[in-house]
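Enquirer: Add chains B, C and D with the ligands to chain A, keeping to what the hints say.
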Amino acid sequence: MATLTIVQAVNDGLKSVMRDDPTVLVLGEDVGPKGGVFLATEGLTDEFGVARCFDTPLSEDGIIGTAVGMAMNGLKPVAEIQFQDFIYPAFDQIVSEAAKLRYRSGGQYTAPMVIRTPYGGGIRGGLYHSQSGEAYFCHTPGLKVVVPSTPHDAKGLLIASILDPDPVLFLEPKALYRSVKGEVPEGSYEVELSTLREVRAGDDVTIFCYGAMVPVVVKAAEQAAEKGIDCHVVDLRTLLPLDEQGVLDAARRTGRVVVVHEAPRFCGYGAEISALIAEHAIEYMEAPVKRVTGFDTPFPNTLEHHYLPDERRVLDAIEQVHSF
Amino acid sequence: MATLTIVQAVNDGLKSVMRDDPTVLVLGEDVGPKGGVFLATEGLTDEFGVARCFDTPLSEDGIIGTAVGMAMNGLKPVAEIQFQDFIYPAFDQIVSEAAKLRYRSGGQYTAPMVIRTPYGGGIRGGLYHSQSGEAYFCHTPGLKVVVPSTPHDAKGLLIASILDPDPVLFLEPKALYRSVKGEVPEGSYEVELSTLREVRAGDDVTIFCYGAMVPVVVKAAEQAAEKGIDCHVVDLRTLLPLDEQGVLDAARRTGRVVVVHEAPRFCGYGAEISALIAEHAIEYMEAPVKRVTGFDTPFPNTLEHHYLPDERRVLDAIEQVHSF
Amino acid sequence: MTDAPALSVIGPDGDAGAHDSGLDDEQLLHCYETMLRTRVFDEICLKLQRSGRIGFSVPNLGIEGLQVGAASALRRTDWIFPSYRDFGMALYHGVTPLDMMHNMFGNALDTAKGRQMSVHFSFEEPIHFYSISSPIGTHIPHAVGAARAFQMRGEDHVCLASFGDGGTSSLGFHSGLNFAGVWKAPVVFLCQNNGWAISCPSSEQTASEGFAIKARAYGMPGVKVDGNDLLAVREVVSEAVARARAGDGPTLVEAETFRMGGHSTSDDPTRYVPAEELEAWGKRDPIERFEKFLVQRGLWSEGDCERVREEAFAEIDAASKEAGAEGAPGLETIFSDVYETLPDHLRVQGEATFDLARRKGEAAAGAGEFPL
Amino acid sequence: MTDAPALSVIGPDGDAGAHDSGLDDEQLLHCYETMLRTRVFDEICLKLQRSGRIGFSVPNLGIEGLQVGAASALRRTDWIFPSYRDFGMALYHGVTPLDMMHNMFGNALDTAKGRQMSVHFSFEEPIHFYSISSPIGTHIPHAVGAARAFQMRGEDHVCLASFGDGGTSSLGFHSGLNFAGVWKAPVVFLCQNNGWAISCPSSEQTASEGFAIKARAYGMPGVKVDGNDLLAVREVVSEAVARARAGDGPTLVEAETFRMGGHSTSDDPTRYVPAEELEAWGKRDPIERFEKFLVQRGLWSEGDCERVREEAFAEIDAASKEAGAEGAPGLETIFSDVYETLPDHLRVQGEATFDLARRKGEAAAGAGEFPL
Ligand SMILES: Cc1ncc(C[n+]2csc(CCOP(=O)(O)OP(=O)(O)O)c2C)c(N)n1
Ligand SMILES: Cc1ncc(C[n+]2csc(CCOP(=O)(O)OP(=O)(O)O)c2C)c(N)n1
Ligand SMILES: [Mg+2]
Ligand SMILES: [Mg+2]
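Residue numbers (the numbering used here), protein chains in the order written: chain A, 9 to 332; chain B, 9 to 332; chain C, 2 to 373; chain D, 2 to 373.
In isolation and in its complexed conformation, chain A is listed as follows (with noise of 0.2 Å):
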C-alpha cells in the first residue's frame, strides 16, 4: 500500500477506474495538460489521451450541461469544477437536470455522472475560494452528495461514486488535500457510500462532522479526552442520502450531540442533524444538541481563521454539553 495524500489518492482513483472502464472521462477547465489547478488530474490526458481527460471553454453550465448528455448516452463523466464556489453557474443543470433526469422520464434516461470539487475555507481564499455549498446539494433529491475525510477514502469513495447509477457530487476538503496522509490500496476498490465512518469511539459526547472539520474535531476529542470527557466521532462521509439510523443510533448513545461544518449555520447541514435527533431521538437527549459552523456571513479572507470552527470552538461546545 502507498502513502498517498488526499489530492493524490483522488488522481490515484481516477487512474484506476479509467484503467478498468473506457467509457469513464474527465472534463473541466484546466484538467488536461496542467492536470488542473490543485493538480487532482496530472498525468490522465498523458495516460488515456485528450478524448478521456480534456479541457473545456469557460462554462460550468456547458461542462455539466454535456456532462449529463454523455451520461444519458453511455458514458460516465467525471466532471471538474474548479472551485465549489464556481458551480452556481451549473447549479440549474445539477438541480433541474442532472438529479431529476430519471424521475422526469419515468427511468427512461438517467444521468450517472460524477461532479467533483474542491471545497471549503483555509487557503485563505476569501469569498470565492473558501465556500461549502453543501447544504444547497442536500436538499435536492436525485442527487448524492459525498464528502471524503481521508486518503482511503477519498479513492474508495470516489471509484463508488463513478460507478454509482445516481449523479454524485463529490466535494473534496482542499485544505485537508496536501495536509493529510494515509494508506491507499492499490487498484481498484469500493468505499459503499451512505455508510459512515466512526473516527473514534467514546461514550460521553457524540459528534457529527465531515471534511475539513474531521481533523479539527478529533484535535477536540483529544482535548476534551484530557479532560475527562470521552468523545464519539463520526464522520458523515455520505451526506446524501444519509445513514440516519446510524446517525440516530450515534446521538443515542451519549445522549448529548455536537454538530460541526464550516458552512453557515442557518438552513446549514448541521440542522437536518439535529431535525432528525429533534424528531426522532429527543427523548434520549440530555443536552442541547449545539451546532459550532461558519458564521451567518460570507467567507472572509483576511480573518477565515476566526470565521473557521477550531479546536477551541469545538471544544467549547463539547464542554457545553457535557456539563449541562
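Mixed in with the good hints, there may be bad ones.
Calculated cross-link-like contacts (lysine to aspartate or glutamate; reagent style EDC-like; alpha-carbon spacing at most 16 Å) [stated by the list, open to error]:
hint, chain 1, residue 1, chain 2, residue 2
1, A, Lys235, A, Asp211
2, C, Lys361, B, Asp318
3, D, Lys185, D, Glu156
4, D, Lys293, D, Glu34
5, C, Lys185, D, Glu205
6, B, Lys235, B, Glu327
7, D, Lys185, D, Asp286
8, D, Lys322, D, Glu44
9, D, Lys185, C, Glu205
10, A, Lys235, A, Glu319
11, D, Lys361, A, Asp318
12, D, Lys361, A, Glu319
13, C, Lys361, B, Glu291
14, C, Lys361, B, Glu319
15, A, Lys227, A, Glu319
16, D, Lys361, A, Asp211
17, D, Lys185, C, Glu210
18, C, Lys293, C, Asp305
Because the hints were derived from the structure by calculation, they are not lab data.
Expert: Then chains B, C and D with the ligands, alone, in the frame of chain A:
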C-alpha cells in the same frame, strides 16, 4: 379598504410604491403588455410606461444580473421570475453577486432590489411549475427571504421589501393567489420584515408554517380544536433574517412543536426551526419536534395532492406530539 | 451562408420545380399524413383541455411542416432533443398517439408516470425523443454531450436539438453551441423562430438580425429556412445532418415561422399579437402549401384531406378515450426513480403515504402495500 | 466592421503618422507614466507574493497599454466594471497605489475590509472602479444594468465592462451582451484576448474566428484592435464610448494581446504556453512601442524610463511598506456589511466571537467589545 386577492394585493403594492417612488421599476418575462402570466403586473406598463415596466429576453441570469447593476446605480428594480422553478439559471447572480456585493465591497456597492416569484404546488404544474426552493436561499447570508400568506401581508411586506436596503427574495404562494381574499388598506404601508404573525393563539401545540401551508394548518388546527387540542399557529412571514427569539418563545409556550412546509424535508427550512429549538429550547420540549413536509422527491403531477401536506397529515402530527 | 435569405422550395402555387427531396411517393404521403395527424392531435388536445379533461396543452398550429420536414431528415438511430411543441417529430417516427395521450392524461401508462405536465413527453423508441424539460434551453448542452458520446464511440449518429427564438437567450444555447463548435460535435441546432416567446416578440428577444447569424459566434454555419415549407426545412436540415454525420461539425438552422395559436392553453394572445400578423401568416399554412405541391406531383386529389383527417381523428379520439379511462399512477411512483435504488428515508416516507392513503380509503391507488 | 483586421496606430518604429489621439503632450506623458507605474506595481506585488508577504497576485505584464488606452477614453463620471487584471485603469484615473496596497494586504484600511483575495479591488473614487468578483463574467450584466440606470435618468455616462477571452464563454457574457443589444445600453464591452484562460488556449475556448465577431449575435458592432498599441486601443474604445454616449448603443471591442506571465502567482505557465509564442509577443511590448512613439514626437529622451521607474518604485515600495505595517481588520468586519443593519443572529455570533478572541488573548483585534 378594498377586499383583494393576494395577486391583486401584489399588483396594488407595486402600483402604490411606483406612484410614490420614481426609481422603482419592474422587469421580467411577460410582465409588460401581458401583465405577467398570473397578471400580477397588469396595468403597470399602461400607467408607468414601458421604461418602468418592461419585458426582458428569456434569461433569468440577465434579469437578475442587470437588476443588480440598476440597483447599485440608484434604481430600485423589482424583478419577476415567472415561476420559482426557473430561478436557478440566476442562482449565481443571486447567491454570488446580489447577496455578497455589500460585503465584498465594504459597503461601497449595494444591491437593494426585490425578486418576486410565485412558488409552490397546487396548480397541477408537475416538476417544474410547483417547487418551493426557499431553503436554498435561506442558506445564503446577505439575502432576505419573505413569504406572505394573506393579501394584507402580501402588499405590506412587498412594499417593505422594496424599501429595504438589501436584496429580498419575495416568494408568492401561487396556490393562494386567487383563493384567499382579505381587506387591504389603500396607499402605501409597510409590514415590518422579520416579524412573526400569530395566526391563532393556543396553549397545547405550536405550529410553525408559512405561505400556502398557512390555510392548511389553520384547518388542521380547527379540526384539532374539535378534538380538544388547542393549537398555537405562527406564520413565519420572513424566513431570513428570522425572528429567532419569537420562534423560541412560541415553542417554549407549548413545549410541543410541529413545523410544516411544502418543500422536501431533507435540509429543508423546517430543519432550521427544529435545530434552533434543539439548541435553545430543548429543555422545554415535551415531545419530538415533528416536520410535515413535501417528500424528498421531485414534485409529481398527477399525484400532487398526495405530495403536498394536507390537513390530515398536519392533524396526524398534531395528535402525535400532543399525545406523546 | 449565414446572411443569405431564407430558403424556400415550394412556391405559393405548390410548384417545387425540379427539386429532388429524396423522398419517394410513399414517403411524401407519410409526411403529409403526419402533418395532418399532428394537427388533429393538437386540436383534440385543445378540446380536451377546454373541457377540463386534461390540464394543459400547447398549440401546434402552423408548425407541422417544420417539424415533419426536420424529422424526415433523421434516421431512427439519431436522437431528437425536442422542445414542448415538437410532437409532430415523434409522430413522424412512429410514436403512437396512444402513448402520447397517456402522457397528456398523466396516467399510469404515461412513460413519465404522471410526474410531468402534459406535452412533456419522453420516448426511447422507435426513436430517442428525449424527455422534455420545462426549463428553457437546458436540453441543448445535453444534445451536445450525447453527440460527443457518439463521436467517442465512432458512431455516425446525429443529435437534433430543437428550441424557440426565446430559447436562444438561454444559458444552454450559449454553452451548448459554444461547446459544440469547439468539439465539432454532430449536432443540428434547430431554432424555430415563431416570432414570439410567450408575449415577447423576437425583436425584443435580441437585437441581432435574425437568429441564424448567431452561429457565427460559435464558428459554425447558420442557415435560414422558410419554416412553413416542409421541403425547404427537410433540405436544409438534411444538409446539416449530412455535415454532422460526416464529422464536419454542427449547424444552426433558423426556421422562420409564426405561432398561430396562443403560447399555451393558459395564454390569451389577443392581448399582444397583432391581428394583421396572424392574418398574413394564416395565408402561409404549411399543410395547404404541401397539398398544392402534392397536386402538382399528381399525388393528391380532392377528398384526401378529409379522409386522412377522419382516419386521424378516429385513431386519436379513440386514443384519448382509452388514455382517459386509464387510472392514475400508483402511489409508489411518487417515490421510485428518484434514485435507481430506493434509499431508506424514501422508504419511510413512502410507507407513511401508503398508510395514510389506506386510512383515507384510497388504498386502491396502489397495491395496498408499499411495494418498493 | 466585425471582420476587419485589428487596428494598429503606432508602427513598429513608433511612427503613428498623422494620427490625432486627442491627447495633449501632458496627457500622453500621463499615459506613459501610468503604464510604467502599472508595471512597477505588478513587479512589486509579485515580489511581495514570492516573499510570502501577500498571498496572491495576477501578472499584468504586456497589457499596460491596453488598460491605459482604454481608461484614457473614459471620463471620471463613467463607470469601470473591471476584471482582476485591470488595475492599470484605476491607476490612470488617480486611484493611489497606497489604497491598492491596502487591498493587496487585506488590511484594516482595505476598502474591501480584508474580505477578498488581493487584486479584488473596489473603488468609488475618483472613478467608479466596480468591486471585482471572482466568478467570471458576472459583472457584465451589472455594467448593462448600471448603464440602463444612466439611460433612465437621461445621463450620458458610459459603462466599460472588461473581461478576458475565457470570459466570453460565461453566462454573463451571453445575457449581458444580449440585454445591452436590445436596450441599446451605453456600454463598451472590452474583451482582452490574451490567448489564454489559465491553460486553455483561445482556440479551444471557442470555434469562432476571434471574439469581435461574437458581437453580431447581439446586433452590435464588433471591432478588433491591436491590444499592445495604446493609441489604437484608445482610438477604438473612444469611438465606442462616443457611440454609447450618443445613445447609439453598445460595442464589443476585442483587444488582441498576450498573457506574458502566468495566470496568477499560483500558476506555472511553462507547463503549457509554447516558448515561441512568448518570445514573439515579447517583441511587441506596449511600453517600448509607446516610447518609440514618444521619441518620434520629441516627448521622450534617454533616461526618462529610468526616472519614471525609480519614482514609481519609490512611491509604490513605500506604499507597500505602509500597507504591510497596517493591522488586520477588526473582528467586527466579519459580521458587518452582510446587511445594512446587523440582524440579531449575527449580533449573537459576533458577540461569541469577540468573547472567544478575548479568552484567547486576541481581544486587541477589535476594540475588545463587539461594537455593532
Ligand atoms: C428558464 C425558463 N424561464 C422561463 C420559462 C417560462 N416559459 C415557458 S415557454 C417560454 C417562452 C419560450 O419561447 P420560445 O423559446 O420562443 O418557444 P415557443 O414557445 O415560441 O415555441 C417561457 C418564457 C421557462 N420555461 N424556463
Ligand atoms: C465561473 C468561474 N469559473 C472558473 C473560474 C476560475 N478561473 C479564474 S480566472 C480563469 C480564466 C480566465 O480567463 P480569461 O477570461 O481569458 O482572463 P485572463 O485570466 O486571461 O485575463 C478561470 C477559469 C472563475 N474564476 N469563475
Ligand atoms: Mg418562439
Ligand atoms: Mg485570457
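Enquirer: Are the hints correct? Go through all of them and say.
Expert: Results for each hint:
1. Lys235/A x Asp211/A: Distance ~14 Å between lysine 235/A and aspartate 211/A Cα, so the pair holds.
2. Lys361/C x Asp318/B: holds (12 Å)
3. Lys185/D x Glu156/D: holds (14 Å)
4. Lys293/D x Glu34/D: holds (14 Å)
5. Lys185/C x Glu205/D: holds (11 Å)
6. Lys235/B x Glu327/B: Since the Cα atoms of lysine 235/B and glutamate 327/B sit roughly 9 Å apart, the hinted pair holds (cutoff 16 Å).
7. Lys185/D x Asp286/D: Measuring from Cα to Cα gives roughly 35 Å; hence the hint is violated.
8. Lys322/D x Glu44/D: With a Cα-Cα distance of about 15 Å, the restraint between lysine 322/D and glutamate 44/D holds, given a limit of 16 Å.
9. Lys185/D x Glu205/C: holds (11 Å)
10. Lys235/A x Glu319/A: The hint holds at about 14 Å.
11. Lys361/D x Asp318/A: Cα-Cα ~12 Å, so holds.
12. Lys361/D x Glu319/A: holds (12 Å)
13. Lys361/C x Glu291/B: violated (36 Å)
14. Lys361/C x Glu319/B: holds (12 Å)
15. Lys227/A x Glu319/A: holds (6 Å)
16. Lys361/D x Asp211/A: violated (29 Å)
17. Lys185/D x Glu210/C: holds (14 Å)
18. Lys293/C x Asp305/C: holds (12 Å)
In this structure, the hints that do not hold are numbers 7, 13, 16, in rising order.
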